[in-house]
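Please take these sequences and the hints and turn them into a complete structure.
Okay, here's what each chain looks like letter by letter:
Number of protein chains: 2
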Amino acid sequence: MFTLSEENYLKTIYHLELETNKGISTNAIAEKLATKASSVTDMIKKLSEKEVVIYKKYKGVKLTDLGKKSAANIVRKHRLWEVFLVEKLDFSWDEVHEVAEQLEHIKSSKLIDQLDGFLNFPTHDPHGDPIPDRDGNLKTIEKSLLSTLTKNESGICVGVDDSSSEFLQFLDKKGITLGKKITILDKEDFDDSLSILIEDKKLSISNKIANNLYMKKS
Amino acid sequence: MFTLSEENYLKTIYHLELETNKGISTNAIAEKLATKASSVTDMIKKLSEKEVVIYKKYKGVKLTDLGKKSAANIVRKHRLWEVFLVEKLDFSWDEVHEVAEQLEHIKSSKLIDQLDGFLNFPTHDPHGDPIPDRDGNLKTIEKSLLSTLTKNESGICVGVDDSSSEFLQFLDKKGITLGKKITILDKEDFDDSLSILIEDKKLSISNKIANNLYMKKS
DNA sequence: ATATATTTTTAGGCAAGTCTAAAAATAATA
DNA sequence: TATTATTTTTAGACTTGCCTAAAAATATAT
Ligand SMILES: [Mn+2]
Ligand SMILES: [Mn+2]
Ligand SMILES: [Mn+2]
Ligand SMILES: [Mn+2]
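Those protein sequence lines, which keep their order, are chains A and B.
Going letter by letter, the first sequence gives residues 1 to 218 in the numbering used here.
Going letter by letter, the second sequence gives residues 1 to 218 in the numbering used here.
Note that these hints are calculated values from the structure, not bench results.
Everything hinted at is true.
No distinction is drawn between identical chains; accordingly, a pair holds when it is met within one copy or between any pair of copies.
Only pairs whose alpha carbons sit at most 25 Å apart, straight line, appear in this in silico SDA-like list of lysine to any residue:
#, residue 1, residue 2
1, Lys32, His124
2, Lys110, Ser164
3, Lys110, Asn8
4, Lys88, Leu119
5, Lys110, Glu166
6, Lys173, Ser204
7, Lys88, Pro130
8, Lys36, Thr3
9, Lys32, Ile106
10, Lys88, Lys110
11, Lys110, His124
12, Lys107, Phe118
13, Lys107, Gln169
14, Lys139, Thr12
15, Lys173, Gln114
16, Lys107, Ser165
17, Lys107, Phe167
18, Lys208, Ser147
19, Lys110, Asp162
20, Lys107, Asn8
21, Lys110, Phe167
22, Lys88, Gly117
23, Lys110, Lys173
24, Lys173, Ser147
Structural data, given as structure tokens:
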């Protein structure tokens, strides 16, 4: 169906579309894929031929329904494999992305259906990101950045925005993992840093951190 | 390290070398890979550059130690994934090969080590083929073709020579699976067909079948 | 040993995916 | 609005892996 390269472009456009509803620019794609704008233009033409994107010169691209479904399926595979690696093979959440980038391209619908069942139909990956269902639909849960909580509010940590391994390792070091309860003890006005209670430990975290942690208010 | 294509060539040469100890001919490789001799010559030069094969024009190729180790590692991955698919994801033994052909190219030593442990360090794949260890060594067990057993001899079915899905499905239909005890009741001289006892069922099988089943004598 | 057949290599070409440099279109600014 | 800056596209080239057709080497048969 799609080449490895085509799949990577599809996925990138899919992720970019979740952030805006405008057309996705050539440059935006090039940057995410660490490639050149001219290469992107070439590939966009191919994707347009295959009817997974709508392309008008100089106007950027948009995924068609087929394109969205195809991209969601790749994301589904990526996230299911991440769950597998963490749950079954004892990978930590900062190690899975690279391998999942490879595994997401394996072509076998039976494989992914069986894997889904083997993992007990997980709804979220190790970083708190939702796993699309077979039709490409994903149910978004109510979540807010930790930085938007006010003093004395509390919630459960349900996801990360930045899932770079540096950030994830930093969180591990601080004892911040998904599922933990966090309460805002205090907010510093001059640098927006937070004093929080996590489980029963007091911790001080910067605004940058708070901007990358998703909470489910409770 | 190696491209997908290079890995497939390495694996093919590796398998061919297990059958003979002469140099592997260009044509033999071409046939196994369903490609053209000229393409093989091209690739052989690249592999030779990378020092995984010794190549002398018109004389065929031989794997170097590095080449053997690299190839064995791909075979190791292939067979471990086949075990995973059968043991954990309920694939049948005739469905796994195609998917394993893809999975064997995933690059992550942690992945394969953990998978090995997760599967309890299996020594053989679902077709009875040995799984190379991390250093590329494989211990061959004592096994004989069913067709070489004599009347009243018996053994355990431990492997198949042909693992095409047609053959495997045929075996399923006849109730012949690995681990079952088989006794030779009679041999027909004129067509070399066999009358066998499998578990407690009598069965008549052709010489062609008997030539594709490996037994451990008991 | 010579002629014929087969195998292997070389030569040249093609598609995918990438790149650089230059041209064209669009956006931003004075 | 005219000019400058940025973005995007085109043109041409490169690498990988494959192909066909022809040449060269090796093997087989008379
Ligand atoms: Mn990921
Ligand atoms: Mn993830
Ligand atoms: Mn196989
Ligand atoms: Mn096998």
